[in-house]
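Trainee: Given chain F's structure and the hints, the job is docking chain G onto it.
Protein chains in written order, with the numbering used here: chain F, 5 to 256; chain G, 5 to 256.
Derived from the structure by calculation, the hints contain no laboratory data.
A quick note: this is a predicted structure, and the numbers were derived from the prediction, not measured.
Mixed in with the good hints there might be a few duds.
The list cannot tell twin chains apart, which means a pair is met if one copy fits it or any two copies do.
[Stated by the list, open to error] Cut-off 30 Å, straight-line C-alpha distance, at most; resulting in silico cross-link-like pairs (BS3-like, lysine-lysine):
#, residue 1, residue 2
1, Lys-215, Lys-180
2, Lys-238, Lys-199
3, Lys-215, Lys-232
4, Lys-18, Lys-48
5, Lys-176, Lys-49
There are 2 protein chains.
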Amino acid sequence: MKKSFQLNAKSQIKQTIAIMSSKGGVGKSTVTALLAVELSRNGKKVGILDADIIGPTISRLFATQAKVVGQDGFILPVSSALGIRFISSQLLLDQSDDPIVWRSPLVLDLIRQFYVDVIWGDLDYLFIDLPPGTGDVPMTVLESLNVNNIIMVTTPQDLVQDIVAKGIQMAKMVNKPILGIIENYSYFICDQCQKQHALFHTSDRPSIWQKYQLPLLAQLPLDSALPKLIDSGKIETIEMDGIRQFIQSWRF
Amino acid sequence: MKKSFQLNAKSQIKQTIAIMSSKGGVGKSTVTALLAVELSRNGKKVGILDADIIGPTISRLFATQAKVVGQDGFILPVSSALGIRFISSQLLLDQSDDPIVWRSPLVLDLIRQFYVDVIWGDLDYLFIDLPPGTGDVPMTVLESLNVNNIIMVTTPQDLVQDIVAKGIQMAKMVNKPILGIIENYSYFICDQCQKQHALFHTSDRPSIWQKYQLPLLAQLPLDSALPKLIDSGKIETIEMDGIRQFIQSWRF
Chain F
5 MKKSFQLNAK SQIKQTIAIM SSKGGVGKST VTALLAVELS RNGKKVGILD ADIIGPTISR
65 LFATQAKVVG QDGFILPVSS ALGIRFISSQ LLLDQSDDPI VWRSPLVLDL IRQFYVDVIW
125 GDLDYLFIDL PPGTGDVPMT VLESLNVNNI IMVTTPQDLV QDIVAKGIQM AKMVNKPILG
185 IIENYSYFIC DQCQKQHALF HTSDRPSIWQ KYQLPLLAQL PLDSALPKLI DSGKIETIEM
245 DGIRQFIQSW RF
Chain G
5 MKKSFQLNAK SQIKQTIAIM SSKGGVGKST VTALLAVELS RNGKKVGILD ADIIGPTISR
65 LFATQAKVVG QDGFILPVSS ALGIRFISSQ LLLDQSDDPI VWRSPLVLDL IRQFYVDVIW
125 GDLDYLFIDL PPGTGDVPMT VLESLNVNNI IMVTTPQDLV QDIVAKGIQM AKMVNKPILG
185 IIENYSYFIC DQCQKQHALF HTSDRPSIWQ KYQLPLLAQL PLDSALPKLI DSGKIETIEM
245 DGIRQFIQSW RF
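Just chain F, same shape as in the assembly:
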């Protein structure tokens, strides 16, 4: 079942990092985009492969109306204002609300194409934005792509962390190293009275990074200005302290 996908000769990638959260809706794609943006600001060449074929958000985050272009049998990625190169199933659709109601083999084949047929060029980092769950797609990406590291995204909620724990166990099963955990929606600060709300902190049980002895890379607030900036196509203007500090402390 395990089959290794090889990059084409026009793609040289120094490090491939899968962004994973077995739970949906924790902000995985947003975190992926913010990491890419911060690395770009630091002069790194970054690509994003949106492996969430069924529920793609990466091209929406970078607010592009571009369509994918082919070249000599290869696929050219789309570039953001900052020069982040990305590919997403959304770029293939005529109408943005067209559903992709594909059976699993088709989905897996498109991911293979996004990896081997895209001319990624020289990249310092390729992020793979995985769909939720521990099913076909995450398994195929971890087994068949040359993934060097995994970043897990979670929220503080016990129920969410119980599901993210399944992703951690899956990474262990395929012997892929987890760089650490980014906790999203860690707190919310009321802009009127400054009260800090731990919206999703549900118990004093040890967090998954404690339970599995993994580095905590960042804790990010739920900032109500963010969804607005993101939905209006301004993700490349966002600076988040937690993301910046993590990228600065990261030894490239």
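Mentor: Relative to the frame of chain F, chain G by itself:
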């Protein structure tokens, strides 16, 4: 590809409702459970089939440690304190953090078993809690189970609604009626200064229920007390105005 699954003779179900959101993390499972709880309080017999085989949460929501029991080749569902009968892949696991790293055909076969081999008994309502996306599982459930209605769950965020729109289009493709939309995380009220925050309201674009002319069944707050109650196994004590009003207005 379309194949119809038949209930066994010991299951009589008046109405089967799929709870769907092509986007993960919008609170779909919580909404499913809260609808079931409110209907139970109104004397209805309710079951929940957790079709999110890879990321199951229903048994976690009802805080059960029970394991599934077989009987004469059939499967008995687990019962909550209020008498809600449910089945979930989580009930089959030895360790709660065991990942289910199954390929798609196995997942689909388990859903079939959960529908045809479970002794549901007499039910007024069977809710099918779908996984995120518009892939294999939602397609199979909508095509092969006798689904009478769909309830879509969303948040106010444009980006989320763009993905939920794909689910609406998918329902149209298979000619299944959508009962309406439940909007979750509509607002948050600071308990110190009472400011109401529209956390995920990102634009004044028409909402999907306006765009697709669907009934808005409820708008639910992000209530920071809720995750705590849920994670400590007290979901059957929760009363939410929006849920109660919707159930009361619903002609059974």
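Trainee: List, from low to high, the hint numbers that the structure doesn't satisfy.
Mentor: Violated hints: none; all satisfied.
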